[in-house]
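Now for the letters of each chain:
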Amino acid sequence: MPIARMQKVSVLAPVGVREELVDRLHRLGAVHLVELGSDGGTGDDPALGTVPFEPETRQLRLALARTEFILQLFERFGDAKTGLISGFLQEKVHLTLEEFLVAEREIDLPVVYRELEDLDIRIRQVEGEISRLEEELEVLEPWKNLDYPLAEAYGMEDVEFHLGVLPHQYLEDWDREMESRCPLSAWEAVERRAEKAYLAAVVHRENAAEFSSLASELELERVELHERELPVPDEISITRERLEAARKKRKELEERIRERFSLKPKLLALKEYLENLLQKEEVKGKFLHTRRTMALQGWVEEARAEEIRNELEEIGDPVDVEFDPPGEEDIAPTLLVNRRLIRPAETLINLFGLPNMSETDPTPFVAPFFILFFGMCLGDVGYGVILTLAFWLAMKKLDVSENARRFFRLFMYCGIATIFVGVFTRGYFGIEGDSLPGFLKFPGTVDVLNDPIPIMLVSAALGLIHISIGVAIEMYDNMRHNSIWVGFCEQGTTLLLWLGIAVMAVGAGVKVDAIQSAGMFIMIAGIAGVILLSNIGSKSLAGKFFGGLYNMYGLLASTIGDVASYLRLYALGLATVAIGSVVNRMAGMTWGIPVLGVVFLAVILLGGHAFNLAINFLSAFVHPLRLQYVEFFGKFYEDGGEPFAPLALRTNRVVIEDR
Amino acid sequence: MVETFGGLTGLQWALLGAAVAVIGGGSGSAMGITYIANVAGGILTEMPDRFGPLLPLVVIPGTQGIYGFITGVLVAFVMKPGAGWDALTGALGFQIFLACLPVAFVCFSSGVYQGLTAAGAAGMVAKRREEMGRALVLPALVETYAVLSLIVTILMFFVVIKPAYPG
Numbered sequence: 127m128p129i130a131r132m133q134k135v136s137v138l139a140p141v142g143v144r145e146e147l148v149d150r151l152h153r154l155g156a157v158h159l160v161e162l163g164s165d166g167g168t169g170d171d172p173a174l175g176t177v178p179f180e181p182e183t184r185q186l187r188l189a190l191a192r193t194e195f196i197l198q199l200f201e202r203f204g205d206a207k208t209g210l211i212s213g214f215l216q217e218k219v220h221l222t223l224e225e226f227l228v229a230e231r232e233i234d235l236p237v238v239y240r241e242l243e244d245l246d247i248r249i250r251q252v253e254g255e256i257s258r259l260e261e262e263l264e265v266l267e268p269w270k271n272l273d274y275p276l277a278e279a280y281g282m283e284d285v286e287f288h289l290g291v292l293p294h295q296y297l298e299d300w301d302r303e304m305e306s307r308c309p310l311s312a313w314e315a316v317e318r319r320a321e322k323a324y325l326a327a328v329v330h331r332e333n334a335a336e337f338s339s340l341a342s343e344l345e346l347e348r349v350e351l352h353e354r355e356l357p358v359p360d361e362i363s364i365t366r367e368r369l370e371a372a373r374k375k376r377k378e379l380e381e382r383i384r385e386r387f388s389l390k391p392k393l394l395a396l397k398e399y400l401e402n403l404l405q406k407e408e409v410k411g412k413f414l415h416t417r418r419t420m421a422l423q424g425w426v427e428e429a430r431a432e433e434i435r436n437e438l439e440e441i442g443d444p445v446d447v448e449f450d451p452p453g454e455e456d457i458a459p460t461l462l463v464n465r466r467l468i469r470p471a472e473t474l475i476n477l478f479g480l481p482n483m484s485e486t487d488p489t490p491f492v493a494p495f496f497i498l499f500f501g502m503c504l505g506d507v508g509y510g511v512i513l514t515l516a517f518w519l520a521m522k523k524l525d526v527s528e529n530a531r532r533f534f535r536l537f538m539y540c541g542i543a544t545i546f547v548g549v550f551t552r553g554y555f556g557i558e559g560d561s562l563p564g565f566l567k568f569p570g571t572v573d574v575l576n577d578p579i580p581i582m583l584v585s586a587a588l589g590l591i592h593i594s595i596g597v598a599i600e601m602y603d604n605m606r607h608n609s610i611w612v613g614f615c616e617q618g619t620t621l622l623l624w625l626g627i628a629v630m631a632v633g634a635g636v637k638v639d640a641i642q643s644a645g646m647f648i649m650i651a652g653i654a655g656v657i658l659l660s661n662i663g664s665k666s667l668a669g670k671f672f673g674g675l676y677n678m679y680g681l682l683a684s685t686i687g688d689v690a691s692y693l694r695l696y697a698l699g700l701a702t703v704a705i706g707s708v709v710n711r712m713a714g715m716t717w718g719i720p721v722l723g724v725v726f727l728a729v730i731l732l733g734g735h736a737f738n739l740a741i742n743f744l745s746a747f748v749h750p751l752r753l754q755y756v757e758f759f760g761k762f763y764e765d766g767g768e769p770f771a772p773l774a775l776r777t778n779r780v781v782i783e784d785r
Numbered sequence: 040m041v042e043t044f045g046g047l048t049g050l051q052w053a054l055l056g057a058a059v060a061v062i063g064g065g066s067g068s069a070m071g072i073t074y075i076a077n078v079a080g081g082i083l084t085e086m087p088d089r090f091g092p093l094l095p096l097v098v099i100p101g102t103q104g105i106y107g108f109i110t111g112v113l114v115a116f117v118m119k120p121g122a123g124w125d126a127l128t129g130a131l132g133f134q135i136f137l138a139c140l141p142v143a144f145v146c147f148s149s150g151v152y153q154g155l156t157a158a159g160a161a162g163m164v165a166k167r168r169e170e171m172g173r174a175l176v177l178p179a180l181v182e183t184y185a186v187l188s189l190i191v192t193i194l195m196f197f198v199v200i201k202p203a204y205p206g
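Protein chains in written order, with our numbering: chain A, 127 to 785; chain E, 40 to 206.
Since the hints were made in silico from the structure, they are not lab data. For every residue, glycine included, the Cβ atom is placed at its ideal position computed from N, Cα and C. Hints may be right or wrong, so weigh each one.
[As the list claims (entries may be wrong)] Okay, derived cross-link-like pairs now, DSS-like style, lysine-lysine, Cα gap no bigger than 27 angstroms in a straight line: (1) A:Lys270 / A:Lys390; (2) A:Lys567 / E:Lys166; (3) E:Lys201 / A:Lys637; (4) A:Lys218 / A:Lys374; (5) E:Lys119 / A:Lys567; (6) A:Lys322 / A:Lys270; (7) A:Lys392 / A:Lys523; (8) A:Lys218 / A:Lys637; (9) A:Lys406 / A:Lys390.
[To be verified] A partial selection of chain E residues facing chain A, derived with a Cβ cut-off under 10 angstroms: (10) Glu42; (11) Leu50; (12) Gln51; (13) Leu96; (14) Thr183.
Using the sequences plus the hints, can you model the full thing?
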């Protein structure tokens, strides 16, 4: 039974032992707590008088937020990696349980936080200043030819000093109008760039009003440098110096943050430690409280019930622990428990959504077929060896989470399957059949490129077997929940029909008429069964018959569609061979080139086969997955199971070594 | 003098078929991937950690191009008569051309539409990372028809045309 049997546990205890109770539950990591307080708890029994209880989490959340702030700051100034592979390879912190539980003592969070918050504020100030200075430089830069002191220019008694930017095409108009309307003035274009002229003008007070109206008529863009005193070149060099200083300051501050990077492991440990504390605190909100007692309810694995009872009753007399089997209306969470060998395939079930508790765990069926299908999609001994070794090494050498390690193990199995299939499809780095040594062409192996029919038939046959297993699982569930007869009528008849088709196909294959006609009889029995029995649930006789007829029609269409869908296994396997052999041919063409030919050969072979492996690896993952999810799961699977998530010590980047 | 059909030799017809298949499948994939890659790029600027779950979605519409390519390779390498291309009659070459058409058309349209479907599924992954499994299935449904077209093309090559080769 690969879905764990669950029992409901109810605990009644005095409020005083709440902390110890939660501690023990957290250490056990075996109880999936359910919310008891949500409906007010005692709607039908006012005498029980519950006390509202809010877990005290403010301090924890504050500390957690500060830790996360520091870690994010580190990330901003460090080497934040995001990506497919580096996501797996986040650095881990290895601690013993004892070390982890004192994570809080290892670092003085308020002090460190104050220091880094201060640095952060100062860095932001400096950054603000840098961008302000950069803007100022941009404004000053075009006026760099104005080499008289601005304070004097602006400070003249009877004459006003103006700067402005004018589009080139108005320059002639400007010249003419200035001469006629502002005779007591002088102007000069100190710089011309990008269709714009930068004008400096001195205007006598008498002409000031006229100058203003002329400026707005010709859309002169006014520039004010009032707060500047020195000649512009000097102002520019002063601003540059300030900018340099600010940049240096920023570098220094960044350096000071980097100096604190050594705290990262401690902070990571602290963060996860605090998260566990928070989890323990929050879970108390699920309990029901009166003034003196508290109650909690949860789900546990049947197998661990005794262990839990012992652990909790150790607290003392007043703790009452009770176990009940799930009732009619209870929905227990789902926990998959599979043998070590196929456990990696559970990740594929999780990708889709866990089965609900009355469903059969599909992992034992998904595992072999997914791995075999993956192998068929690649089907090359060379690539298989590479995958197997790569994922074996990754599993052994890389410091990754348990989840990632399971994925690696799954792909290692897939690599082995690829080698296995490759032997039969004579796939050796896409080398064409004619060039392979004779001993590799033993009977039973086929040339995918030149002789596609056998491997197509194998794909179709595997498909029929696969969907038959799906229907058989549904039949098994149906027999468990309803009756054997209903199971036979609704699903068994379909299986009979498919068995008939299979036997006929085998008979045609080995050219034995007896087998062929036996298959024919089975198939006819199956067809009759589907038409007459498959709609057994209908009330009227006509409903049974016409419903059955409709089922028959649907079954025919879907069988053809489903089985054809498995031919993608052949198509994808062919893709690997085709691309591989083209790579080899391209490499072969370079053979004649003197000296450099060898280099080209190596580059094309390495690059080409790496590309082929990468692209087909992705296809070989996606398409077998689709066959599981659509064709196979479609026959029986009901998801919607809530994952079994007990209160437990949870870490992500901290690895507890002695657990 | 090589025998022709409709003015083209067998080799010319065969090459035309291979070219049409590669062009159809390749263009379909290119358009489909462009579409989903644009959407994925947009999501990635906001959520860089979604690269892993998005990548399979981006490459899914690439298989149509591969199917077109396989068809081209099969014509060029495998459909060559034992006695050389001159032995391929114009009529047989025309049959090869016809057999290439399912891949050429279906891989083109399914490649484009698979890209559109994948873009929708990418939205699922963006909103809820754990939906990746289901999100992969939706565009893979479109792929079925590309597979079927390739299967029919290959069956025509090996079951119908090749047995009719001279000698």
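Hint by hint, here is what the structure shows:
Between lysine 270 of chain A and lysine 390 of chain A the CA atoms are separated by roughly 48 angstroms; this puts the pair beyond 27 angstroms, and the hint is violated. Between lysine 567 of chain A and lysine 166 of chain E the alpha-carbon distance is near 51 angstroms, which puts this suggested pair outside the 27 angstroms criterion. For the suggested pair lysine 201 of chain E and lysine 637 of chain A, the alpha carbons sit about 23 angstroms apart, so the restraint of at most 27 angstroms is met. Using a Cα cut-off of 27 angstroms, the hinted pair lysine 218 of chain A and lysine 374 of chain A is violated, with the two alpha carbons roughly 34 angstroms apart.
Proximity of lysine 119 of chain E to lysine 567 of chain A is assessed by CA-CA distance (about 22 angstroms); at most 27 angstroms being required, the pair is judged to hold. As the CA atoms of lysine 322 of chain A and lysine 270 of chain A are separated by approximately 15 angstroms, the hinted pair is consistent with the 27 angstroms bound. Distance restraint check for lysine 392 of chain A and lysine 523 of chain A: the Cα-Cα separation of roughly 24 angstroms lies within the 27 angstroms cut-off, and the hinted pair is therefore satisfied. The hinted pair formed by lysine 218 of chain A and lysine 637 of chain A fails the criterion: a straight-line CA distance of about 62 angstroms is larger than 27 angstroms.
Distance restraint check for lysine 406 of chain A and lysine 390 of chain A: the Cα-Cα separation of roughly 24 angstroms lies within the 27 angstroms cut-off, and the hinted pair is therefore satisfied. Below 10 angstroms, beta-carbon pairs count as interface contacts, and glutamate 42 of chain E has none with chain A, the closest being about 25 angstroms; its hint is therefore violated. At a threshold of 10 angstroms, the smallest CB-CB gap from leucine 50 of chain E to chain A is about 19 angstroms, leaving the interface hint violated. With a least beta-carbon distance of about 22 angstroms to chain A, the hint placing glutamine 51 of chain E at the interface is violated under the 10 angstroms criterion.
The beta carbon of leucine 96 of chain E comes within 9 angstroms of a beta carbon in chain A, closer than 10 angstroms, and the hint placing it at the interface holds. Interface hint status for threonine 183 of chain E: upheld, as the beta-carbon distance to the closest one in chain A is roughly 6 angstroms, under 10 angstroms.
Against the hints set out earlier in the document, violations occur for numbers 1, 2, 4, 8, 10, 11 and 12.
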